[in-house]
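Visitor: Chains U and E, in that order, are what the protein sequence lines are.
Using our numbering, you'd call the opening residue of the first sequence number 1 and step up by one each time.
Using our numbering, you'd call the opening residue of the second sequence number 1 and step up by one each time.
Just so you know, the hints here were simulated from the structure itself, not pulled from any lab data.
We treat Cβ as the ideally placed atom computed from N, Cα and C, and that holds for glycine.
There may be inaccurate statements among the hints.
Claimed, not checked - Computed, partial: chain E to chain U, Cβ under 10 Å:
| id | residue |
| --- | --- |
| 1 | Pro7 |
| 2 | Pro53 |
| 3 | Ser94 |
| 4 | Gly96 |
There are 2 protein chains.
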Amino acid sequence: MEPVPNPITIRDVARVACVGVGTVSRVLNGGRQVSESTRERVKAAISRLGFRPHAQARRMSRRTEMVCFLMSNREFLHSFHARILKGVETCARSLGQQVVFAVIHYGEKTPPGQIVLPPILKERGWVDGLVLAGTIYPNFVEHIQSIHVPYVMFGNNLFGPKHMLKYDQVSFDGEKAEFEATQFVIEQGHHEIAFVGETSFPWFRERHAGYRRAMKSAGLNPVLLNSQQGNGSSDYAEWAARNLLQMSPRPTAIMVGNDEIAFGLWRSFRKSGINVPDDISLVGFDDRDIALLMDPPLTTVRVQKEEIGETLMKMLLDKLHQPSKHLARQVIPTQLIIRGTVKHLYSNSPSASLLAPSANI
Amino acid sequence: MEPVPNPITIRDVARVACVGVGTVSRVLNGGRQVSESTRERVKAAISRLGFRPHAQARRMSRRTEMVCFLMSNREFLHSFHARILKGVETCARSLGQQVVFAVIHYGEKTPPGQIVLPPILKERGWVDGLVLAGTIYPNFVEHIQSIHVPYVMFGNNLFGPKHMLKYDQVSFDGEKAEFEATQFVIEQGHHEIAFVGETSFPWFRERHAGYRRAMKSAGLNPVLLNSQQGNGSSDYAEWAARNLLQMSPRPTAIMVGNDEIAFGLWRSFRKSGINVPDDISLVGFDDRDIALLMDPPLTTVRVQKEEIGETLMKMLLDKLHQPSKHLARQVIPTQLIIRGTVKHLYSNSPSASLLAPSANI
DNA sequence: AGTCTTGCTGGAACTGGTTCCAGACCTTAC
DNA sequence: GTAAGGTCTGGAACCAGTTCCAGCAAGACT
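Please take these sequences and the hints and turn them into a complete structure.
Guide: Structure, rendered in structure tokens:
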């Protein structure tokens with residue numbers, strides 16, 4: 001195969017402009033160390049020769065200024081992660097970086113060496129760094145580590161023992177957030193409070209832990225509605241709603257794993273003629289878009305998704321500049337957003353009162 | 001900025017496997033010239049070190065195996081060019097090439113040096129070659145030539161003097177196709193035949209030329225309905241339909257520049273209570289999808305769009321392998337597709353007969 | 001005048017692959 | 001025995017940029 005035509009290189013430009021290659025390179029990259037007259041001469045030579053720098057050669061000894069947002073084991077990019085991605089993108093743009101979105105699917109038990117990477121990660125030199133989100137099992141982290149790309153991760157998606165906190169990650173404190181939310185519900189006079197969420201997922205497990213702590217410290221009895229069947233689906237909500245209503249004593253308030261499920265419960269209750277919050281109170285988690293589509297709007301815990309994304313990007317850039325690891329775990333604060341789904345009960349009276357003031361929006 | 005971590009290079013692999021770098025490279029690229037035992041040793045070293053070849057370095061001394069389908073001055077990728085693109089893509093895939101789609105906008109009078117290229121063409125080394133389609137003015141070709149990338153073009157989109165046939169191009173013979181189509185209509189007994197199409201576009205101009213030749217050689221009087229106003233829009237069809245019906249003598253058949261306009265005419269006629277083909281016959285051009293959506297389906301000239309795309313890709317690959325130009329112009333045959341929009345008139349009788357046999361589908 | 005600083009410049013060395021050539025080794029043929 | 005041919009292999013040279021360092025000139029300061 002013959003060589004590609006037009007090998008007009010930086011050396012040709014240098015010759016024509018009567019300067020060294022270093023000078024041409026400095027002009028190309030807007031370096032300041034070039035006098036005005038030389039710069040003009042070089043620019044003239046460039047346009048006269050129709051010189052175009054070679055994309056690959058350029059990226060060989062310097063960074064590509066691309067990072068990859070790698071989403072694991074998710075069929076869809078739903079609103080929660082989409083917001084994080086948006087935060088990453090916003091921050092990246094302001095730092096002159098490109099974000100490439102990629103997905104990966106792997107099993108919890110797949111040996112690290114056998115996990116199949118997306119094409120862009122099979123070769124090195126495409127992206128400078130990685131933001132991990134989705135479902136992060138230890139085998140996955142191990143494999144990512146083995147390809148020696150700087151990475152940061154969304155900590156709340158991390159499965160596995162606590163020692164994995166050593167990874168560079170951005171997260172929020174789900175335990176504390178749910179503790180506070182539960183405390184708020186208790187303060188509203190509720191005693192029978194249930195928790196709904198599949199605790200095999202770490203994000204639900206820590207929320208559940210916070211709920212338990214709040215219940216215990218108030219001397220109340222925690223109740224967990226768990227289920228091995230698919231989470232988040234509307235089937236799951238139907239099933240959970242049925243179970244909740246059959247409990248005895250029937251809970252007056254429910255702490256729900258996330259807004260999606262809370263929405264499902266609300267719809268199921270509504271179908272059964274149960275009113276929220278008059279008959280039963282609901283508290284969600286995440287503050288997704290769907291929280292405002294409910295009637296009344298959902299009281300929930302706001303997770304600063306964009307801020308998480310931005311912080312991830314900032315942290316990744318830090319790592320790029322000094323790969324000499326400075327293990328970090330940044331925690332983004334959450335915020336209880338009180339809207340309309342928690343009813344105020346008169347203290348010490350477990351029975352609902354029709355005179356309860358409505359919650360503020 | 002510190003260097004990117006993990007500089008595990010091909011030389012590290014070579015050292016560990018106790019072979020030369022050339023051998024590792026041969027293994028990586030599936031070269032045959034390596035003994036089985038050596039190959040195994042190298043593969044083991046690669047996986048032990050977690051070596052990933054460097055994307056950019058790899059593409060420096062070899063081709064990228066990407067080509068660019070560059071579409072000029074079109075807001076949308078409509079069905080005609082989409083089919084050509086599909087042909088290019090199909091052929092590219094079978095040849096192990098990637099197709100990158102890019103668009104460009106420029107003015108007919110923009111000086112070549114000032115035409116702004118899409119980012120992927122600003123640097124060299126992204127794509128090996130170019131397929132041009134859309135609106136091709138001489139200044140554009142000149143600029144493309146100046147960046148020294150092998151290119152081929154869809155010839156029928158080329159504006160400018162005939163000497164531009166020198167470019168490597170794939171095209172179809174619109175003149176001949178329309179000549180034959182017009183001859184067919186004449187054979188059906190029509191004498192008053194008009195042509196509709198904006199002849200400032202070369203593709204319409206050549207079709208018009210074929211129409212004229214057929215009319216002249218049959219001793220008939222050619223009639224052109226031209227208009228400076230936007231082509232292809234439904235407004236244009238409305239306007240054209242009104243004009244056609246007011247002509248005296250009123251044409252019994254119309255050769256239309258393309259199927260899109262033919263569809264517009266058909267709809268306008270229908271609104272005015274004029275029946276196709278009983279009251280007026282129509283012949284389109286291109287054989288786009290829309291031809292079959294008409295009732296009756298449109299008699300038209302089939303352009304082998306996919307085949308044009310495939311031929312473009314093949315020709316481009318030829319050029320890549322031997323850039324030493326072998327100027328070529330490949331002509332893809334067209335085909336008159338007789339469906340239901342041309343009425344058979346009894347010869348020598350310009351007035352329509354109700355007993356005319358219906359055209360075959 | 002001598003030294004220091006600063007700004008600009010040239011070019012060698014480097015990036016990490018591929019390619020090519022010469023040479024080693026092993027058959028097979030005469 | 002040796003010439004010819006084939007397969008396999010090592011490594012230098014190359015691709016086209018960037019980076020770095022030394023060198024030079026001019027101006028500033030002692």
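Visitor: Decide, hint by hint, whether the structure agrees.
Guide: Taking the hints in turn, this is what the structure says about them:
About 9 Å separates the beta-carbon of Pro7 of chain E from the nearest beta-carbon of chain U, less than 10 Å, and the hint is met. Look at Pro53 of chain E: its Cβ gets to within about 5 Å of chain U, closer than 10 Å, so that hint holds up. The restraint placing Ser94 of chain E at the interface with chain U is violated, with a minimum CB-CB distance near 18 Å, outside the 10 Å limit. The closest approach between the C-beta of Gly96 of chain E and any C-beta of chain U is roughly 13 Å, which is over the 10 Å cut-off, so the hint fails.
In summary, the structure is inconsistent with hints 3 and 4 from the numbered list given earlier, while agreeing with the others.
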